[in-house]
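Model the full assembly from the supplied sequences, consistent with the hints where possible.
In order, the protein sequences belong to chains A and B. The opening position of the first sequence corresponds to residue 0 in numbering that gives the first Met the number 0, with each subsequent residue numbered one higher. The opening position of the second sequence corresponds to residue 0 in numbering that gives the first Met the number 0, with each subsequent residue numbered one higher.
Hint data in this document are derived by calculation from the structure and do not stem from the laboratory. Even glycine gets a Cβ: it sits at the ideal position worked out from N, Cα and C. Watch out, some of these pointers could steer you wrong.
A few chain A residues that face chain B, going by a derived Cβ cut-off under 7 Å, partial list only [to be verified]:
1. A67
2. R74
3. R76
If you want the building blocks of each chain, they are given just below.
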Amino acid sequence: MVGESSSLQVETPFGTVPVDGGIFLANTLRFARILRHSGLDVDSAQTATFARALALLGFDRRGDVRAAGRAIFVRRREDQRLYLAAFDLFWRRRGASSALGGQLPRIRQDERRAGAPDTPRPEEGDQEVVVAVRAEASSAMEVLRAADFATLTPEESRDAQAMLDALRPRLPMRRARRSRVERSGHRPATRRMLRHALGTGGEALDWRWLRRSLRPRPIVLVCDISGSMERYSRFMLRFAHALQRSGAPLEVFVFGTRLTRITRELRVRSADAALRQVSERVVDWSGGTRIGESVRQLNRRWVRRAVRSGAVVLLVSDGWERGDPELLAREMATLRRSCHRLIWIDPLAARPGFEPVTVGLRAALPHVDEFVAAASVASLEELAGRLRGM
Amino acid sequence: MAHPADIDALQSAFAAQGYVADRDLATAIFLSLALGRPLLLEGEAGVGKTEVARTLSSVLGAQLIRLQCYEGLDINTAVYEWDYPRQMLEIRLLEARGEARTAATRDIFSEEFLIRRPLLQALESRAAEAPVLLIDEVDRADEEFEAFLLELLSDFAVSVPEIGTIRAERPPRVILTSNRTREVHDALKRRCLYHWIDYPNAARELAILHSRLPAVPDALAREIVGFIQRLRGADLTKSPGVAETLDWAAALLALGANHLDERQVEQTLGVLLKYQEDVSAMRSGGARTILAESRVV
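Below, the structure written as structure tokens:
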């Protein structure tokens with residue numbers, strides 16, 4: 000039995016440690032493979048590091064092995080859950096006792112039957128573990144991803160905000176007026192080539208071309224921060240921050256009873272700092288809502304300066320209008336004429352049985368290009384992915 | 000001091016320095032030492048990420064070299080810079096002596112005129128024990144700088160064009176921290192071991208409090224920890240970290256409190272909560288509820 004497994008020397012700063020090579024490596028590799036199939040981004044360098052760590056720590060304490068693997072295989076907090084589930088399932092299946100050392104003989108027997116000691120044999124059980132781990136970890140993530148922001152616990156909402164921070168939107172693009180000089184393109188860049196040709200006696204040796212470049216469209220996000228939107232506006236501003244970090248020319252306004260421009264506050268890099276500055280500046284968090292009046296202010300004061308004709312305007316509100324719906328309809332029509340696309344985002348529309356019956360919505364909807372229900376990380380991700388086509 | 004021989008030794012060495020590390024964190028630190036890999040610590044502000052590096056340096060008896068990252072941090076402030084004013088003076092001097100022509104540029108670009116910033120200091124250290132290099136809040140630095148760090152952490156060498164490559168004799172022990180204002184690049188993470196430091200549970204927080212502020216009576220310490228543990232469950236913009244717990248305990252101690260009462264809690268909320276909304280939410284009844292709940296337990 001012992002003769003079958005080759006002895007392996009593992010180098011550590013404390014000297015060279017002999018390890019029961021075949022079984023040990025086979026199990027390490029199998030565990031790494033399970034992690035990989037479960038959706039963790041595991042590479043061979045990590046697996047090797049894990050093997051070294053195991054050689055160092057021994058198998059006496061299951062908790063230490065678990066912690067070591069966590070330090071090595073996990074690279075972001077969200078993956079912890081998946082790793083821990085995989086670890087527990089994998090080592091539970093190998094025997095009920097908590098010490099790994101006690102399980103080694105059993106594994107050895109398995110392997111004797113299989114023949115070659117250090118080729119990990121495909122195990123029918125592994126697939127089971129992968130499926131279980133995937134289900135366990137991804138369901139937690141997917142549930143959170145799809146959950147309505149209003150239903151999250153503080154802990155969950157921190158995770159959801161982290162997901163929004165990690166968002167990489169596909170920005171809407173438009174053709175820039177100027178062309179750029181490149182090594183290839185549509186037209187020769189004659190001016191630049193002539194200028195450079197002066198140095199070579201009028202001979203244009205280095206050909207350059209003009210290429211029309213694309214630039215991100217300006218995006219304007221106008222967010223309702225009145226009482227009925229309280230549970231959503233925080234996430235929407237996180238979303239705005241993600242848009243901003245992606246490099247889009249972005250203008251952000253919030254309104255309750257009046258419109259406030261918060262573009263500058265949001266320029267600070269960290270999302271938390273930006274939100275803090277915003278809340279310091281905006282006094283009417285959770286007051287009443289006058290959407291029509293706010294859109295009028297946007298049209299009057301900001302359209303020519305900040306919105307510009309090429310912009311995609313995202314208006315986030317549930318349409319609970321306290322003011323005059325006529326005014327809202329009129330101002331929405333004006334706004335639509337002065338931008339590229341006007342999108343209305345309603346978090347409440349994601350609820351089952353939703354009907355656009357609020358006064359504000361009925362007045363505004365005829366004048367928007369698209370009506371989007373967005374109340375979760377998943378829906379905002381979907382929106383961010385679709386922006387390019389807008 | 001030599002390396003702690005195992006996780007237990009490391010844990011107790013840390014405890015002796017007043018840092019109560021849980022077993023998982025101790026394992027991560029131990030492996031980082033044993034395998035010679037940088038350790039990336041993430042977690043909310045005030046959970047003791049920076050303190051790990053500080054404690055590690057005193058446990059090992061090594062020098063602590065700290066690089067605070069910020070947006071716009073560049074090689075000049077992180078690695079090295081030429082002392083331009085001194086170089087200019089040197090040139091003037093050479094001119095005055097009429098040696099400017101004979102003096103080659105290498106005279107001016109010599110180590111004498113090199114200003115060593117933290118990263119270069121860490122590489123050049125000749126101390127018996129390799130220094131602990133703390134790269135604090137790496138998420139604040141730009142991505143270009145991260146790319147540079149990646150290079151540095153794989154070779155532990157930098158090249159100064161005018162001088163040549165400077166390589167560490169003994170690679171420094173590297174601890175990186177991140178508050179996660181953005182995701183640190185995957186390639187950088189790949190070089191590191193990773194540990195997410197959570198808020199401590201009640202037992203550990205109590206141990207931390209006792210270890211750091213032995214003057215706080217046990218009954219008060221328990222009440223403080225109970226209150227804070229509940230407070231972290233409330234809907235706050237920023238939950239208090241361990242640093243805030245310690246500050247608050249010190250504040251209550253200074254006020255001569257023997258147990259938590261509502262008035263004192265509300266008076267000292269500013270030590271715990273750093274956002275006006277949070278403070279006002281707690282003043283308008285939140286604190287009373289939490290206090291009542293934490294008493295029940």
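Which numbered hints are broken by the structure, listed smallest first? Violated hints: none; all satisfied.
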